[in-house]
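Student: Construct the entire structure; sequences and hints are all you get.
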Amino acid sequence: MNDVVVGIDFSDCSLNALEHAAGLAQKTGHDLLMVFVNNPNRSTSLLGGTVDVISEAKQKLSDLEERYVKQYPDLKISYNIREGKVFDRICAQAEEVNAYAIVVGTHGASGFEEFWIGSNAQKIVSMSPCPIFTIRDSRAIHNDLEQIIFPVDSSLETRQKAPFAAEIARAFKAKVYILKLYTTNVEAVRLTVDAYALQAKKYFDDEGVETVIEAKEVDNITNGTLDFAREVDANLITIMTEQEKTAMNFFLGTFANQMINHSEIPVLSIRPKEYIRTLSR
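Residue numbers for the sequence shown follow the working numbering, beginning at 351 and rising by one.
Everything labelled a hint here was simulated from the structure, so no lab data went into it. The reader is advised that the hints may include incorrect statements.
For each label pair, taking beta carbons as the anchor points, the in silico distance ranges come out as [unchecked claim]:
1. ILE431 <-> THR534: 45 to 53 angstroms
2. ASP569 <-> GLU415: 42 to 50 angstroms
3. SER505 <-> SER428: 33 to 41 angstroms
4. GLU433 <-> VAL562: 43 to 51 angstroms
5. ILE563 <-> GLU446: 36 to 44 angstroms
6. ILE431 <-> ALA538: 52 to 60 angstroms
7. VAL539 <-> MET351: 36 to 44 angstroms
8. ASP424 <-> GLU496: 19 to 27 angstroms
9. GLU446 <-> TYR422: 17 to 25 angstroms
10. GLU557 <-> ASN430: 31 to 39 angstroms
Dumping the calculated EDC-like pairs for lysine to aspartate or glutamate here, alpha-carbon to alpha-carbon at most 16 angstroms [unchecked claim]:
11. LYS530 <-> ASP544
12. LYS426 <-> ASP381
13. LYS420 <-> GLU369
14. LYS377 <-> GLU517
Remember, predicted model here, so these are calculated numbers, not experimental data. Glycine included, C-beta positions come from ideal geometry on N, C-alpha and C.
Tutor: So this is what it looks like as C-alpha cells:
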C-alpha cells in the first residue's frame with residue numbers, strides 16, 4: 351500500500367505533523383493514513399474526560415478526513431484506530447501497510463501521552479520499519495521544502511540516505527547540500543569523507559537532483575550540522591539512525607539521538623541496512 355502514516359493525538363503538534371504528511375503524500379503520490387492510538391489509561395485526558403473515547407476519536411478523524419479531502423482532492427485519505435502503546439502501534443501499522451514513510455510531531459505534550467518527545471520519540475524512530483520524519487514547530491515541509499541537508503561522515507552507512515533523499519528532493523524540486531563533516535585531521539579519514547561525498551553527488555546527479563558540496567570542521571557532528579542548516583535556512587536534515595540492536599531493545603546512536611531531540615528543523619531518519627546495495631563501495 352505504501353501509505354504515508356501520520357500519528358494523530360489531536361494536539362496542535364500532531365495536527366501540524368498532519369499538514370506535513372498531507373503535503374508529503376501529495377507530492378510523492380502516496381495515500382495518507384492517519385493513526386490514532388487509544389491508551390485506555392491516559393486517553394480520556396486528551397478528549398476532555400470523554401467517556402466514549404473511541405467514538406469521539408472517530409468523529410474527529412472523520413472531520414479531519416473531510417477537511418483534507420477538500421484541500422487535496424486527488425489524495426486518498428483514510429484513518430485507523432489502534433489500542434496499546436503509541437510507538438509500538440504506530441510502527442506496527444506502518445509495517446502492515448508497507449508504509450512509504452511515517453510522520454510524527456515532536457512537541458505533542460498537550461496530548462494524552464507525551465510520546466512525541468524524549469525517550470519515547472527515540473523509540474518510535476528506532477523501531478520504525480520505514481523512513482520517518484520528525485517535525486517540530488510549524489515549519490511546513492509541504493510548502494517550502496527547498497533545501498535539504500545531507501551530512502556525510504566517514505561511516506559506511508552515511509551514503510545509505512541517498513536513494514530516499516533523492517526521491518524527496520525530486521518530488522519537491524529541492525536542492526541537496528552534501529555537507530562533508532570533518533571531525534579529525536587524520537588524512538585517511540578525511541579522504542574517506544571526500545570519497546563518500548563524491549559518490550553521493552554522482553548518485554544525485556544521475557537522479558537529476560541539484561547538489562552543492564560544502565565542508566565543515568566540527569567537534570560535534572550534531573551542532574555542526576545544525577549550525578550549517580541554519581546558515582542556509584534548510585527545511586530538512588537527513589540522517590541515519592545508527593541503530594545498535596541488543597537483546598533488550600533498539601538504541602539510537604548519539605548523533606541521531608541528539609539531532610532528533612535538538613533540531614528545530616524537520617529531520618528525516620533512515621535506518622541503516624546491513625550493507626549498501628545502491629551505492630558502490
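Student: Of all the hints given earlier, name the ones this structure violates by number, lowest first.
Tutor: No hint contradicted; all consistent.
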